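Put the two chains together into one complex; each comes in its own frame, and the hints tell you how they fit.
Chains A and B are the protein sequences, given in the same order. Heads up, the first sequence is in the working numbering, so the first residue is 81 and it goes up one at a time. Heads up, the second sequence is in the working numbering, so the first residue is 2 and it goes up one at a time.
These aren't lab readings, by the way, just hints derived from the structure by calculation. Do not take every clue at face value.
[What the hints assert, rightly or not] Across the chosen pairs, the derived CB separations fall in these ranges:
1. D205/B with D819/A: 39 to 45 Å
2. S242/B with L770/A: 26 to 32 Å
3. K130/B with Q588/A: 42 to 48 Å
4. D819/A with D324/B: 40 to 46 Å
5. D672/A with D180/B: 28 to 34 Å
6. K130/B with L555/A: 38 to 44 Å
7. A345/B with R836/A: 52 to 58 Å
8. Q656/A with D205/B: 31 to 37 Å
[Claimed, not checked] Listed below are the simulated DMTMM-like cross-link pairs for lysine to aspartate or glutamate, each with C-alpha atoms no more than 25 Å apart in a straight line:
9. K647/A with E248/B
10. K647/A with D842/A
11. K329/A with E295/A
12. K12/B with D807/A
13. K830/A with D668/A
14. K628/A with E248/B
15. K647/A with E771/A
16. K647/A with E678/A
17. K511/A with D668/A
18. K658/A with E310/B
19. K647/A with D313/B
20. K628/A with E89/B
21. K647/A with D205/B
22. K253/A with D263/A
23. K12/B with D313/B
24. K628/A with D205/B
25. K12/B with E771/A
As the structure is a prediction and not an experimental result, all values here were calculated from the model. All C-beta atoms in this analysis are idealised placements derived from N, C-alpha and C, irrespective of residue type, glycine included.
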Amino acid sequence: MAEDLDEKARRVRELLSSFYKSDESDSGDFDLDAPGDGGVSARRRDTLLQINTKGFEPERYMASLVRKTNLPTLLKKHVEVAAEIKNLDSDMQMLVYENYNKFISATDTIKVMKDNVAGMESNMQQLLEKVTAVRTKSDNINASLFERRGRIEELNGTRSLLRKVQFVFDLPKRLRKCLKEGDYAQAVKFYVGASPVLETYGSSSFRTCKQESEEVIATISKRLQAKFLADSEPLPGRAEAVALLQQLKFPVDVLMDGFLTSNMKHLLELQTLSHKSKSPDDAKKFITEFTQTATAFRSIFPTGESRLNEAAKDLLDKYFANVNVSLQPEAGSLSAAELISLLKSLSADVAKMHEVMPEAGFIDGAIQAVESAVKQHVNHKFKVLYAQVTGALSDIHSPKQEQAKDQQKPLLLSLENVQNLIVNGGLEVLKDLTQLLDDSVDFLVSWRDAYIDLVQGGFQEFFGSLVDHFISLSLASATQGEGSDQRLGSPAPGFVLLLSRLSTFIEQEGVPRITEAVGDSFIGGSLGDRPAFLPSEICRAFRAAAEKFLRQFIDVRSRKLSIMICKSITTPNWLQYKEPRDVRMFADLLLDEVKGMEGEVKQVLEPGKSHRRSDSAGSSSSTRSSNTTRGDSRSSRLNNRGKTHLLERDVAKLFKQRVEIFTRPELTQASVISMVVKIALKSFQEYVRLETFSRCGFQQIQLDTQYLRDPLREVVDDDNVVDFLLDEVCAAAAERCTDPTPLEQAVLDKIVHTKREKRLDDEATKVFI
Amino acid sequence: MQGSQNTYGVKYQARCIAAVVADTQRTRFLVGTLSLREENEIHLLQIGDKTGALAFDGLYTHPSEIWGLSACPFDVSILSTVYASAGEFGAAIWKLPERARGAANTPLQKLASLDGHTQRIKCTLWFPKGKHHQIVSIDAENLYVWDLDPSGKPAKELGRVSSGLQQMAGGCWSPHDVDIVATACGTSLKCWDLRTMREASTVDQAHAGQVRDLDYNPKRQHTIVTSGDDSKVRVWDLRMSGMPLSELPGHAHWTLRVQYNRRYEELILSAGTDAMVNLWYVPPPAEGKSKSSLSSPKISDPLVRSHHEHEDSIYGIAWSARDPWVFASLSYDGNVYIDYVTQAVRKKLTSK
Chain A
81 MAEDLDEKAR RVRELLSSFY KSDESDSGDF DLDAPGDGGV SARRRDTLLQ INTKGFEPER
141 YMASLVRKTN LPTLLKKHVE VAAEIKNLDS DMQMLVYENY NKFISATDTI KVMKDNVAGM
201 ESNMQQLLEK VTAVRTKSDN INASLFERRG RIEELNGTRS LLRKVQFVFD LPKRLRKCLK
261 EGDYAQAVKF YVGASPVLET YGSSSFRTCK QESEEVIATI SKRLQAKFLA DSEPLPGRAE
321 AVALLQQLKF PVDVLMDGFL TSNMKHLLEL QTLSHKSKSP DDAKKFITEF TQTATAFRSI
381 FPTGESRLNE AAKDLLDKYF ANVNVSLQPE AGSLSAAELI SLLKSLSADV AKMHEVMPEA
441 GFIDGAIQAV ESAVKQHVNH KFKVLYAQVT GALSDIHSPK QEQAKDQQKP LLLSLENVQN
501 LIVNGGLEVL KDLTQLLDDS VDFLVSWRDA YIDLVQGGFQ EFFGSLVDHF ISLSLASATQ
561 GEGSDQRLGS PAPGFVLLLS RLSTFIEQEG VPRITEAVGD SFIGGSLGDR PAFLPSEICR
621 AFRAAAEKFL RQFIDVRSRK LSIMICKSIT TPNWLQYKEP RDVRMFADLL LDEVKGMEGE
681 VKQVLEPGKS HRRSDSAGSS SSTRSSNTTR GDSRSSRLNN RGKTHLLERD VAKLFKQRVE
741 IFTRPELTQA SVISMVVKIA LKSFQEYVRL ETFSRCGFQQ IQLDTQYLRD PLREVVDDDN
801 VVDFLLDEVC AAAAERCTDP TPLEQAVLDK IVHTKREKRL DDEATKVFI
Chain B
2 MQGSQNTYGV KYQARCIAAV VADTQRTRFL VGTLSLREEN EIHLLQIGDK TGALAFDGLY
62 THPSEIWGLS ACPFDVSILS TVYASAGEFG AAIWKLPERA RGAANTPLQK LASLDGHTQR
122 IKCTLWFPKG KHHQIVSIDA ENLYVWDLDP SGKPAKELGR VSSGLQQMAG GCWSPHDVDI
182 VATACGTSLK CWDLRTMREA STVDQAHAGQ VRDLDYNPKR QHTIVTSGDD SKVRVWDLRM
242 SGMPLSELPG HAHWTLRVQY NRRYEELILS AGTDAMVNLW YVPPPAEGKS KSSLSSPKIS
302 DPLVRSHHEH EDSIYGIAWS ARDPWVFASL SYDGNVYIDY VTQAVRKKLT SK
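Next up, chain B with everything else stripped away, as it sits in the complex (with noise of 0.2 Å):
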């Protein structure tokens, strides 16, 4: 399976991608180019259940830029950017049309656009459980809550919320509340209450730089993991802002994706600007001695894995919905790579 090929070359520079969470049945993966001078696309890849090569499978045609794509969690065929080009943003709700054999290049149809930004989008969630049509959008000061008609209508806005002067950059909606999402503020890290539209809890200082990017527990209601500008990874529980839970070495340069794995939580994708995809394996804590397990001094290496077949910077990273060994991921100059967890570390999980 490995032997086969696992690379894929989208012809401009990339920064976007994600897996097609609603599809469980294939493993697909959106990405989508930034090309400030050429049309921008999004290619759909699927990797082939015999093959296991990862192939083409289709191409759509996106209006600018895209600095921010997520995949649908109950449509298979919707999916939404965050796009800039020259001085314009936005972001929108995107329906890939149906498949005309032999038109290389078919548009997306737009369902509704999430317009009253007033700076640079920086990600849209989807709302965690189920069918749902709210979606949050976060630019550099304010999260927005979006009401969205599956009419066709415009999308309403159902609040918004500023963080003051630190700079968002990221978000998670929790899966286990769904009136909480996270979010990447500045050095630190911050949760909203949707209810309220108050921040519920906070981690000061949880990186020496910026924090790029942060992913809940998809088990533990508490945890989220986060990485910065400072090259760590780190585990929190929101209870205990005090201290991170686990703190990773990272990357050597930026660590600016962190993605837990859907089914097994000790699985955490990492990925920076120094063009690796680094593979962690963290323990969950045991109840009431998480501390004498940190110290102890025969704790292995939490790297199992690192991927350095990129030449640039990766700045997307995506499990695959259907099988929790695969993963992707895209560096700047356009190339995807597949890689799965080794045998090793699934013999460990699975023997649980």
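With the rest of the complex left out, here is chain A (with noise of 0.2 Å):
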């Protein structure tokens, strides 16, 4: 049964959509087909299969159907057929039926709905009734009261304006009575509510009641005025007074400034008396003072807050005004331990303003002014340090000439004098200087690094202007030194030689020890790029200073010696010389000239490490010896003259050591003798080299120069360069004489034996006398 079921509803599914889509699809196949004879010779050929579409022919199909099938397919089909249309015919039945039952349902739907509405309209028609009753009544009340309206808000504005002027007229009055009764805050509150009646008819109806009033209220304004500016009355009840006042229009501003200006005005008497006497107290009774006015302001005048603040940055001003008055030295410097104080209670006091009035910006001030108290106060010692070692070195510059012929050593004291100074009053600035450090006042630790870099830049500074000082007064004595000092053993070489040892030891010693000192309490800074303080720059400028001074040294002295000999080779005529009986006075000169050099350069300088005298001392005689063999070998030569002469001469110099005239010179005693020495020795030789002699013109400058050669070798650090140069010097001579006929070695010998003691004597008389 259930597949009978089944296949029912199959088969009622199949009919639907035929009936439905058969149409379509079979149009659709019919107009693919219709355009071709195929088309219709195909469907023809099809009509057996067409019983289910709409263009079913049963004729055709019935005649095809015949005229193809044999009978008892026929007959099959026909069993087929009336099957089919039995099971169509059950179908439509059952097709039917269901639909119809859903019919009846909507057919009685219909009919319940129609019997509700038929109620409705005699309902509607009632409402209508009563609404349009309403409204005619509404409009008939409207209409008979709209006559009386008008009046009635007339009469109302008349009362309320009458009742207005009464209160008016009774002003003054109740003004009176309030005054009486001291309740200024009644009788304001009355006069304010009145003011715009009283404004506006003031002039006319109301005139005495507005004088009256008016006059009344002059008084109390005054009475307000008086209790305001009575210190007795108690806070609450000043501030009352004044908000009436502001209340009454009064200028309130006025008020302020007259209560700040005297406040302020006695705050600063305080003040100035407080820095004048520098008592703790004073400055204590400063600072309640102010906080008690402060506060007194802020009860009293609420409002007035930023008038304060400006009031009290006027007074700060002042304040900070004196502070730096008090912070800056008048005279002498201040300490760093007295600086710190003032800058301790200063802090303190700061910092009880600050709580009472955080806006009025007393920090940032207070900062400022420690900044500027502490760089004056750094630029000060700098400036000091400064100036002392200036001082110092301009008194050495221009020495009293009896101190400078009291003390034996002149040069070193000062020397060590200004090396102390630079040196320990380094220090101690520095020291200075960091106590303010460690001491942490409180405003220094916002911008420590600035005051580190400060302090660095301070050395910095103070360094470098010293170079360009020494420069300045180096280039001051050498052109000093050009003209008009002639003296033996005056001060502007020693000086110069004194700048370069000072240079050498501020390079060497002084800045790194700051440089330390500087390390141990000021790291960190360094704001800029690079760090303030550059030990190395300065070094490097110091050590190019030490070397020009030195340089310059040499130069000066050398150029003396130079112009001495120059004076003695190119004064006589050599070439009618005088058979020479002694050695010539400018050898002596020469002499005293090496030794006041050599007094001042042992002064300055350190010994130097190559001091060969004493090894060369026990050897002298030998040295003698191999002199006068080398003599010998000249005049040998020399006599044998020719053109080979030239050659011997050339041959000679190869064996004889090659000496290094001119080196770098050393701050070293014996290394910067020499350097004058050497210097000197050349010239000699370039200038005998430009003159012609005569035979005994040769034999004096031989004389000189034997005579030269013990003494010059004694403040030389190199025997061999003098010996050399002196030999040189003697080459010359001979170069340049027409008969170069040396002296007999023995008379040599002698004379400047004899020349010798003479020298000693004199020198032991000198020291004697």
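Written as structure tokens, this is what we have:
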């Protein structure tokens, strides 16, 4: 049965679908096939299959069926078709039956709806009637009331006006009453309330009334002012008075100003007093007064905060001006300790004031003041140090005559003096400034780096200006030394040497020590790209300066010697020179000059490393003998004139140790002296080469050089150089001589010996005197 | 080129060397000897075109010691010398005789002598522009102007001027203004106007010691380089005599000679008694900012070449008249060295 049911359902669906769809598919087919004859023939062929389509033609179907099929099949077909028809009939029946039910229920529903709508019509009609009635009534009322409304409103206004007028007329009375009772607040309230009316009509109808009330109010305001000004009055009362006055449009600003100026004046007086006396009590008094004033003002004028700030700022400016004055040393320098105590009290004061008035910018001001004070302090420290050093230097530079004579070693003393000054002074300044840093005054913390930079920059500048000062001094002394200073041991060259030594000292000791000290306490800083204190740069500057000064000293000294030599060579007429009897004067002068220089150099400079005098002292005789042999060889060479002599000279030169004459000078006694002597002797040689000598002239030169030889060897670090150069001088004289016959060694020795004795005697007597 | 022989020794001591300025085809130098007791000579040296070697080209005898030597700027065969020997001194104009082959020592032909000096003569200066018969001679105290008569008559004195107490050591005739001669006068530099025979301008205290030599910048009218006993070399602008335009460290002892290169004003040659020849590169002062260029720290070392093969003091230097890159130096022992401007410097100069 179930299968039967399924089958049925399927069929019904098929039928339905065929009913709705076959048509379309068929028409589609038709459309497609219509154009061609082939299409028609095809349909014909397929008529057997088209039983379910719309265009089914039973006649043709039958005909084709009969024509194509045989009987049994036909019979079978018949049975099939009959069964199908039966099925279809039953299906149709079922469909109709089902739909019928639905239709009946729909009809029922429509009927019920129709009944309901019929009742509503009458209800609506009723409602409409009622609304119309209401409307007419309301219209009636409106019309009747309209006439009276304007009148009532008018009456109402008049009544309130009358009430006001009454109030205004009563005002003076009321005010007086209030005045009597001291109830100012009430009075002010009344007055303020009435004031618009009085304003408007005061000139006409209410004149007397206005005048009276104004009189009363004037008294009130006077009383209020008095109340405000009275210090004895409690603060709330005063504040109330001010508030009332403000309501009365009294210029409160004027009051404020008055209040502030009087108070501030008082404070300022206190302040200056405290600064003058410098006693902490006064300062405290100032602070408490200030606090009181500020609180009083606050409570009296709650709205005047900005005014207070302004006034406080003014006061503050004055205060800090005073502070600055007290921070700046008037005479002499303020030590860091003093500064610290000042700064500390300042910091405490300002902290208190700041509590009272955080907006007034006390802290900023204080920081600024401290900053400028510390800056000034640092600058001042360096300035003082610089002044000390330059002062000491200028003392050396232009010494008093007696002083120079009194002291055995003026240069040495002043050198030590200045050295100490620089190093100890520098360290002291540093210590002083470190104290400031260590004692960590509150304000310093915020710009610690800047402070460090400041100190470092101070040193940088100090040393920089010191170098500049040195150089300017050296230039000044150089120009001075040119012309006027011809005295022996004149201060100018020695001073230059001193500068050189000082520069070296600063470079090698001063700067490192200060750098170390700076490094100990002033680390960090460097707000800029590079640290403010650059020891290497300073060292370089000082090294260059030292070298320059040394060169200058050597130049000046050797020039002086050269000038002496020049005079001694160019003055005589060498071609008509007489037999030499004695060493000439200039040799002694030269030695004196060298000695003077030696004195200076020995005071200022270190002895130096290569001093070979001690080892050569024992063997002086042997060197002497070598000298004589050299002299012999020279004389033989010179006697043996001819073209070969130059060659011979060259060969002799080859065997001689080639002596470096012009080396770089070091800052040692021996090196400097040798340098000067070397340059002088070289000049000697050059001057000799410019002359032409007779035999006697040559012998004189020979004598002079022989005399100079030993004393000069004494002072020079390398004997060979002196020997070499003096030999060169002799050789040059020989070359420029028409008849170079040397003096006999014995005669030479004898003259030199007696001369030397005599010089020793002279010196002894000089010392004796 | 540098590898070949670049030295020559005259047998005697010598002080003077001069380029043969008139000969622009060859690099030739004249060297005068200074021998008290032997016969003095003038050696004519030439740098071979192909070999680049310094070779002997002629030898002429000269009657006395030669203290100064300058070649005539317009005639290859004419030169002037300053001489002295044993109390006698003088200056003369000479002509190199035609070369006689085989004859080793040909005496010079004397054209004229400049008589009348009372002091040792320091130098003679030829007229700087073209062919002209004026010549200046300078002794320690006086400056003489002479007119040379080409026909062989004695030179006529045109005028003289005395420097006073200061010893003159040398001079230079301005190539820009033929009426001006600059002299080294004691420690200062003095310029004389030949028309009025008066001092035209002066630089006091040009050096701390005697001024030894000076030379006009070939390109700039008022620029002079000086050298002196304070071993410095200084460049001056005569219009601003207070401060030198630039100062070179010079030498370790006296700086005796200083000379501008004729073609490149940047090159200055100096020599001194420390047996060194130094070549300096001094960039010309930029207009308007000479100060800043001086003070700027990034200035390169002006010393571009230092020649140190000499063994004795150098009294003579000379630039080649033909090749601006060649210079010769003469030391007291008679050795002449040829040296060259380095390639780096040449490049720097020619690339401009």
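Here is how each hint holds up against the structure:
At roughly 42 Å, the beta-carbon separation of D205/B and D819/A lies within the given 39 to 45 Å, and the hint holds. A hinted range of 26 to 32 Å holds for the C-beta pair S242/B and L770/A, which are about 28 Å apart. Between K130/B and Q588/A the beta carbons are some 58 Å apart, a value that contradicts the proposed interval 42 to 48 Å. Here the CB-CB span from D819/A to D324/B is close to 45 Å, well matched to the stated 40 to 46 Å.
The hinted window of 28 to 34 Å between D672/A and D180/B is violated, with their beta carbons roughly 49 Å apart. A beta carbon spacing of about 41 Å between K130/B and L555/A agrees with the range 38 to 44 Å that was offered as a hint. For A345/B paired with R836/A, a C-beta distance near 56 Å keeps the hint of 52 to 58 Å intact. The hinted range of 31 to 37 Å is satisfied by Q656/A and D205/B, whose Cβ atoms lie roughly 36 Å apart.
For a cut-off of 25 Å, the pair hint linking K647/A to E248/B is broken: about 28 Å separates their Cα positions. As the CA atoms of K647/A and D842/A are separated by approximately 24 Å, the hinted pair is consistent with the 25 Å bound. Restraint check for K329/A and E295/A: satisfied, since their Cα atoms lie roughly 15 Å apart, inside the 25 Å limit. For the hint linking K12/B to D807/A, the alpha-carbon distance of about 22 Å falls within 25 Å, and the restraint holds.
Pair hint K830/A plus D668/A holds up; C-alpha atoms about 17 Å apart against a cutoff of 25 Å. Proposed proximity of K628/A and E248/B is supported: the alpha carbons are some 14 Å apart, at most 25 Å. The straight-line distance between the Cα atoms of K647/A and E771/A is roughly 12 Å, inside the 25 Å bound, and the hint therefore holds. Of the supplied pair hints, the one linking K647/A and E678/A holds, its CA atoms being roughly 22 Å apart against a limit of 25 Å.
At roughly 53 Å between alpha-carbon atoms, K511/A and D668/A are farther apart than 25 Å, so this suggested pair is violated. Using a Cα cut-off of 25 Å, the hinted pair K658/A and E310/B is violated, with the two alpha carbons roughly 40 Å apart. Our distance criterion of 25 Å between C-alpha atoms is met by K647/A and D313/B, whose separation comes to about 24 Å. Simply put, K628/A and E89/B have alpha-carbon atoms about 44 Å apart, too far for the 25 Å limit, and the pair is violated.
Proximity of K647/A to D205/B is assessed by CA-CA distance (about 22 Å); at most 25 Å being required, the pair is judged to hold. At most 25 Å may separate the alpha-carbon atoms for a hinted pair to count; K253/A and D263/A meet this at roughly 14 Å. A C-alpha spacing of about 14 Å is found between K12/B and D313/B, which places the hinted pair at or below 25 Å, so the restraint holds. Our distance criterion of 25 Å between C-alpha atoms is met by K628/A and D205/B, whose separation comes to about 23 Å.
Restraint check for K12/B and E771/A: satisfied, since their Cα atoms lie roughly 21 Å apart, inside the 25 Å limit.
When the structure is compared with the earlier hints, violations turn up for hints 3, 5, 9, 17, 18 and 20 and for no others.
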